[in-house]
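**Q** Protein chains in written order, with numbering that gives the first Met the number 0: chain W, 0 to 421; chain L, 0 to 225.
If you are wondering where the hints come from, they were derived from the structure by calculation, not from laboratory data. Model, not experiment: these values are computed from the prediction. Warning: the hint list may mix true and false statements.
[Unchecked claim] Straight-line Cα separation of at most 30 Å, DSBU-like style, residue types lysine-lysine; simulated pairs:
hint	chain 1	residue 1	chain 2	residue 2
1	L	K125	W	K254
2	W	K258	L	K151
3	W	K254	L	K200
4	L	K86	L	K151
5	W	K254	L	K66
6	W	K356	W	K337
7	W	K261	L	K86
8	W	K94	W	K5
Take a look at the letters that make up each chain.
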Amino acid sequence: MKLVQKLTLFYLLLSLVVLSLGGVFYYITFTQLIDKETDYELNGEVGRLSKFIEKGIPYDSLTDQRVQISLIVDSADMHHSRAFKDTTAYHGPSKAIIHHRKIKKTVQINQDWYHFQIYESVIEPLDTFYGTFKATLVVSIALILFSLIYSFFVSKWLLQPFHKALKLIQNFNVQTSTPIVTEPASTSEFKKLNDFIENMTHRTVTDYNNLKEFSENIAHEIRTPLAIASGKLDLLMQNSELSEQQIDWTIQSQKALNKVSKIQQSLVTLSRIENKEFNHIADIQLSHMIRHICEENADIFELRHIHIETELATDTVIQNDPVLIEILLTNLLQNAIKHNLSTAGNITISLSHTKLKITNSGYDLHATTEILMQRFKKDSSNNDSIGLGLSIIKKICDLSNYGFDYSFDQSLKQHEITIELS
Amino acid sequence: MKVLLTEDNVDLQNNILTYLQNEGILCECATSIQACQDRLVAFEYDILILDRMLPDGDGIEIIQFVKSRNINISILIASAKNELDDKVEGLNLGADDYITKPYFMTELIARLKALYRRNTLGGNQKLQIGNITIDTDKQEVCINNTLIPLTKKEYDLLLYIYANKNRIITKLAIAEHLWGDFTDTLGSLDFVYQHIKNLRKKIISAGGNDFIQTVYGSGYKYAIDA
Numbered sequence: 000m001k002l003v004q005k006l007t008l009f010y011l012l013l014s015l016v017v018l019s020l021g022g023v024f025y026y027i028t029f030t031q032l033i034d035k036e037t038d039y040e041l042n043g044e045v046g047r048l049s050k051f052i053e054k055g056i057p058y059d060s061l062t063d064q065r066v067q068i069s070l071i072v073d074s075a076d077m078h079h080s081r082a083f084k085d086t087t088a089y090h091g092p093s094k095a096i097i098h099h100r101k102i103k104k105t106v107q108i109n110q111d112w113y114h115f116q117i118y119e120s121v122i123e124p125l126d127t128f129y130g131t132f133k134a135t136l137v138v139s140i141a142l143i144l145f146s147l148i149y150s151f152f153v154s155k156w157l158l159q160p161f162h163k164a165l166k167l168i169q170n171f172n173v174q175t176s177t178p179i180v181t182e183p184a185s186t187s188e189f190k191k192l193n194d195f196i197e198n199m200t201h202r203t204v205t206d207y208n209n210l211k212e213f214s215e216n217i218a219h220e221i222r223t224p225l226a227i228a229s230g231k232l233d234l235l236m237q238n239s240e241l242s243e244q245q246i247d248w249t250i251q252s253q254k255a256l257n258k259v260s261k262i263q264q265s266l267v268t269l270s271r272i273e274n275k276e277f278n279h280i281a282d283i284q285l286s287h288m289i290r291h292i293c294e295e296n297a298d299i300f301e302l303r304h305i306h307i308e309t310e311l312a313t314d315t316v317i318q319n320d321p322v323l324i325e326i327l328l329t330n331l332l333q334n335a336i337k338h339n340l341s342t343a344g345n346i347t348i349s350l351s352h353t354k355l356k357i358t359n360s361g362y363d364l365h366a367t368t369e370i371l372m373q374r375f376k377k378d379s380s381n382n383d384s385i386g387l388g389l390s391i392i393k394k395i396c397d398l399s400n401y402g403f404d405y406s407f408d409q410s411l412k413q414h415e416i417t418i419e420l421s
Numbered sequence: 000m001k002v003l004l005t006e007d008n009v010d011l012q013n014n015i016l017t018y019l020q021n022e023g024i025l026c027e028c029a030t031s032i033q034a035c036q037d038r039l040v041a042f043e044y045d046i047l048i049l050d051r052m053l054p055d056g057d058g059i060e061i062i063q064f065v066k067s068r069n070i071n072i073s074i075l076i077a078s079a080k081n082e083l084d085d086k087v088e089g090l091n092l093g094a095d096d097y098i099t100k101p102y103f104m105t106e107l108i109a110r111l112k113a114l115y116r117r118n119t120l121g122g123n124q125k126l127q128i129g130n131i132t133i134d135t136d137k138q139e140v141c142i143n144n145t146l147i148p149l150t151k152k153e154y155d156l157l158l159y160i161y162a163n164k165n166r167i168i169t170k171l172a173i174a175e176h177l178w179g180d181f182t183d184t185l186g187s188l189d190f191v192y193q194h195i196k197n198l199r200k201k202i203i204s205a206g207g208n209d210f211i212q213t214v215y216g217s218g219y220k221y222a223i224d225a
């Protein structure tokens, strides 16, 4: 729901509550006002009639349908009294029993005590209710209509800078290296927002470029000292005076350097994938590529006692960068070999038009598949792995819009990676 | 063999220079594209070892320079960039081979010798280790004129050891040479030992010299003793 819609809705809900309360208040005020006026009139009439009686006009000649006057014979302990009451009585003109206001008053005129009872028809409470209800309803409807028009204009005009900024953020791509430039706004909050967006994207772009430059440079910066160290170790090893122990240390150092170099290489590959540097799109015959990689490494399957089975749809063609796909397939296969059993392992590769599935036997997992997909996360039982293969695979799938799923069947002890190609 | 090394890092230059000199290979150095081009024009070399990132530009420029002037030299790119597409680019431009820093010196020697054999000596070289003959053209190995059936990997292994005659070669260097990026998948370097064992078995049973020597009982290095 849009912000304006929400604001309008809350405003309308509040207005309806207030208007309903207002309606009740109007009703009460109206009825009280009517009663007060009627009572005043009734009291005035008693006064006028009393004047007539005082002038000697017989009180019974003044009586009619709505005026009853009686002389109180027993007037001991009598005092002035006045009371108003709501009641119903027959109303001549409308020929119906309707709501009336009644005054009961006892007054002393020329030493005689008289008791007055006068009826006055008033507006039916239901009519008053309908009246106030109708008025409130009209006001409510007008309010809703104006609110909608108002919200439309607020959204169109007042929130326009906000919508524009939102659109700019949505379209922002750090890789294009252009910070967002916003249109000037007159609202101070939007001015602040625009300033923030401009500053933030400017910094993001700068940081991103620095990071990109750094990871590009690091290949050279790290590899050169690595090469120097490795070369010195090579020279050292050719020294015939070294003891077996010293040679062993040298070899261990070389192994460690080799590992650093592999980690660095994988990280550079990851950042290159992230930077979308692999963008030479071509038609790729997946089955050819898979078969080629399998054939090249046939001796490894033999050495590791892994039985490999392939079910490849030969006419599966995808559009992507061949280097990227080779990195993907190589990493998939390397993972399947690395995390396999030491004897009698198996790998199954099946390729359909829309799906590539690689299944391999393996040992029990100590970590969840979600954790293993993170960088440098690996199952503790495997020390040789640097833990970046799965990250690379996932990154390639993400950027190529391929579905990726990794699961481990606890009962069959089978790892399964599924890639949805469409 | 005369090699021109283009490398701007003095330490790395010294490493390679020392190793190649120990190997009896004549090596001269250039630290920039300009210096390299000057030397290429003035002197003759068999092989150019080329770094891509040089202080005055991309080493690729030198390949174009070599091609435009028809200088007869084999080019081995030794770059810190280890990406498939960089390799493909370098080779497409006319380089003969590509090696990634850091590399094992034994690997560099093997590559240099292979290039020298193929490009300078014309490829029809028969290598001799005692009574073992390696025909690098047909990729065949004979002992006393009897063909020894070797797998591709065993053949590569034999050539690698031959190229690094009398040098200690580590199991890791052999594994990287034979399996490259897939070395990690082996899980253990004992597979190198297995390959060496199979190769020796085939050679010995055909009556060849047992030239592969296990240096120290640990089995971490191998050397030629012939």
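**Q** Take the hints in turn and mark each one as holding or not.
**A** Verification of the hints:
1. L:K125 <-> W:K254: Violated - the C-alpha atoms of W:K254 and L:K125 are around 34 Å apart, more than 30 Å.
2. W:K258 <-> L:K151: holds, 27 Å
3. W:K254 <-> L:K200: holds, 28 Å
4. L:K86 <-> L:K151: Holds, because 23 Å separates the two Cα atoms, which is no more than 30 Å.
5. W:K254 <-> L:K66: Judged against 30 Å, a Cα distance of about 38 Å means the pair is violated.
6. W:K356 <-> W:K337: holds, 17 Å
7. W:K261 <-> L:K86: Roughly 17 Å separates the two Cα atoms, so the pair holds.
8. W:K94 <-> W:K5: violated, 53 Å
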